[in-house]
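Asker: For reference, the chains in residue letters:
Number of protein chains: 2
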Amino acid sequence: MAQVGFIGLGVMGAPMAGHLLRAGHEVTVWNRTASKAEPLVSVGARPAADPAAVAAASDIVMICVSRQEDMLEMVDRLSPGLRGDAIVVDHSTTTPAAALGAARRVPAFIDAPMTGGSMGAQAGTLTLFCGGSLEHFAVVEPVLAAYAKRVVHVGSQAAGQRMKLANQIAVGGALIGLCEALAFAEKAGLDLELTRELLNTGAAGSWAFTHYGPKIVNRDWSPGFSIDNQTKDFVYCQQEASELGMALPGTEVVQGLLTEMQAAGRGAETTAALFEWLLKESAS
Amino acid sequence: MAQVGFIGLGVMGAPMAGHLLRAGHEVTVWNRTASKAEPLVSVGARPAADPAAVAAASDIVMICVSRQEDMLEMVDRLSPGLRGDAIVVDHSTTTPAAALGAARRVPAFIDAPMTGGSMGAQAGTLTLFCGGSLEHFAVVEPVLAAYAKRVVHVGSQAAGQRMKLANQIAVGGALIGLCEALAFAEKAGLDLELTRELLNTGAAGSWAFTHYGPKIVNRDWSPGFSIDNQTKDFVYCQQEASELGMALPGTEVVQGLLTEMQAAGRGAETTAALFEWLLKESAS
Numbered sequence: 001m002a003q004v005g006f007i008g009l010g011v012m013g014a015p016m017a018g019h020l021l022r023a024g025h026e027v028t029v030w031n032r033t034a035s036k037a038e039p040l041v042s043v044g045a046r047p048a049a050d051p052a053a054v055a056a057a058s059d060i061v062m063i064c065v066s067r068q069e070d071m072l073e074m075v076d077r078l079s080p081g082l083r084g085d086a087i088v089v090d091h092s093t094t095t096p097a098a099a100l101g102a103a104r105r106v107p108a109f110i111d112a113p114m115t116g117g118s119m120g121a122q123a124g125t126l127t128l129f130c131g132g133s134l135e136h137f138a139v140v141e142p143v144l145a146a147y148a149k150r151v152v153h154v155g156s157q158a159a160g161q162r163m164k165l166a167n168q169i170a171v172g173g174a175l176i177g178l179c180e181a182l183a184f185a186e187k188a189g190l191d192l193e194l195t196r197e198l199l200n201t202g203a204a205g206s207w208a209f210t211h212y213g214p215k216i217v218n219r220d221w222s223p224g225f226s227i228d229n230q231t232k233d234f235v236y237c238q239q240e241a242s243e244l245g246m247a248l249p250g251t252e253v254v255q256g257l258l259t260e261m262q263a264a265g266r267g268a269e270t271t272a273a274l275f276e277w278l279l280k281e282s283a284s
Numbered sequence: 001m002a003q004v005g006f007i008g009l010g011v012m013g014a015p016m017a018g019h020l021l022r023a024g025h026e027v028t029v030w031n032r033t034a035s036k037a038e039p040l041v042s043v044g045a046r047p048a049a050d051p052a053a054v055a056a057a058s059d060i061v062m063i064c065v066s067r068q069e070d071m072l073e074m075v076d077r078l079s080p081g082l083r084g085d086a087i088v089v090d091h092s093t094t095t096p097a098a099a100l101g102a103a104r105r106v107p108a109f110i111d112a113p114m115t116g117g118s119m120g121a122q123a124g125t126l127t128l129f130c131g132g133s134l135e136h137f138a139v140v141e142p143v144l145a146a147y148a149k150r151v152v153h154v155g156s157q158a159a160g161q162r163m164k165l166a167n168q169i170a171v172g173g174a175l176i177g178l179c180e181a182l183a184f185a186e187k188a189g190l191d192l193e194l195t196r197e198l199l200n201t202g203a204a205g206s207w208a209f210t211h212y213g214p215k216i217v218n219r220d221w222s223p224g225f226s227i228d229n230q231t232k233d234f235v236y237c238q239q240e241a242s243e244l245g246m247a248l249p250g251t252e253v254v255q256g257l258l259t260e261m262q263a264a265g266r267g268a269e270t271t272a273a274l275f276e277w278l279l280k281e282s283a284s
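If you read the protein sequences in the order shown, they are chains A and B. Mapping to the working numbering: the first sequence position 43 is 43, numbers consecutive. Mapping to the working numbering: the second sequence position 155 is 155, numbers consecutive.
Hints in this document: simulated from the structure, not taken from any laboratory. All C-beta atoms in this analysis are idealised placements derived from N, C-alpha and C, irrespective of residue type, glycine included. Treat the hints with caution; some may be incorrect.
Coverage of chain B stretches by chain A, computed from C-beta distances (three or more under 8 Å per stretch; other residues unrestricted) [stated by the list, open to error]:
#	region
1	14–28
2	44–57
3	147–161
4	187–196
5	226–238
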């Protein structure tokens, strides 16, 4: 069993740290809002005063925050306490440039963004895209298995983030396909549940139709994955595409629509609410 | 068993008529290029001299052509021979307006566009979206089952076409998501087959990733569903959206890119070739 630190105990991090405890690891935790650590401390996690104290108690330190500027701040704040042979694993979604920036500060760095959402974190069935050296990967892989069904080495440092951004681009396409098709069906007077079910059985079928389609039929805009989170990731996609000298014309359209929804105060809703936005747009 | 006519013996129609024969129906056929009828005639189909002669020999007349102007021409040409209680079923993809136009000429009309592609036609596992009266639907349903795994009544006349266009809109979104994500991955230096496999297991997963993804990895641009066919359907989608007073911003982007590819002489390739176009665009 390992000494593991966990920084960032939000909707993803808290259940992930819980899985580490249940797997028998010694887990030291810190969160900006300290009260979020309490449920974990009550089941055996050790509270730390600051990120450096987490690092001082750990062979592997996980970071799980939202924005890349927060991730970079955590790397700065934990590094004074870092043990000589410790490895830092970042689960946040960031640009590849931010991952490489963190790796300059902490060379034993693995970027390990995840898919599977809050339900995957709770069930311990996340998929992790890991970028870093194979040597470091071999050390952390069995520990990460506590909350992931798949822990995949996809390349050197920053490759995990590149894979995650590719994933978000594909998610955006599936989202506009789903929302635009169902908005069209609604305007055309088709039965929405029949449309969702029929289209999902053929060449238009997708995870989005299966999981977001029913939310649209029921007009349930609770997240899920929020518009705020999706647009944050799209900004990172565009930054990296610009580095690579390429355009992302499909992503641009979805990003533009979701950004309009944010401006209208709907950023906390699920991305599937785009369906309603397309209907409203057409009514105006 | 019924007396069935079949007009249009292309890559879809020929195997569909074959299934009708094997189901024991009396099948009369006609095709603009007469030689395409020969293989069916050799296994028991009756050749007709023109569409009116097909209608004169049939209780149910199927039409299966590409463009809606061809469908409307066939309706015109068959109607002089049509029996009093005969039903016309159109499997082409058209605008809802064209279906309603055909139904004015031939009131016992069912629009029944299909999904499942040439492989579905050969295997007899198509899905049919049927618009028309329930009374007519009840008559044709058991006959259509000869080549379809699902024959679904989705509403009154033209509703089948509306469902098919909704399907094509969703297919377009899935396509841009797939091609843009894999083009990004390629530019970012990720392993393309690993990317395809990993993304398909999560929230980005789709029929497109499963079936078109491997073609992209192998740079195999043989259709599949061609860019020419997809852009034809997108024109119909936009015409109907305009009737409904709504915009299709995602479809517009995919349509624009595929239309550029047509202009570059790539219309006969599979839609998945969009991957290569996005890479070329970024190189220019």
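Asker: Determine for every hint whether it applies to the structure shown.
Answerer: Quick rundown of the hints versus the structure:
1. Counting residues of the region 14–28 of chain B whose CB falls under 8 Å from any CB of chain A gives 0; the rule of at least 3 is not met.
2. With 0 residues having a Cβ less than 8 Å from any Cβ of chain A, the region 44–57 of chain B misses the three-residue criterion, and the hint is violated.
3. Only when three residues or more bring their CB closer than 8 Å to a CB of chain A does the claim for the region 147–161 of chain B stand; here the count is 5, and the claim holds.
4. Judged by the Cβ-Cβ criterion of 8 Å, the region 187–196 of chain B is covered by chain A as claimed, because 7 of its residues qualify and three suffice.
5. Three residues within the 8 Å Cβ limit are the bar, and the region 226–238 of chain B against chain A gives 1, so the coverage statement is violated.
Violated hints, listed in ascending order, are 1, 2 and 5; each of the other numbered hints is respected by the structure.
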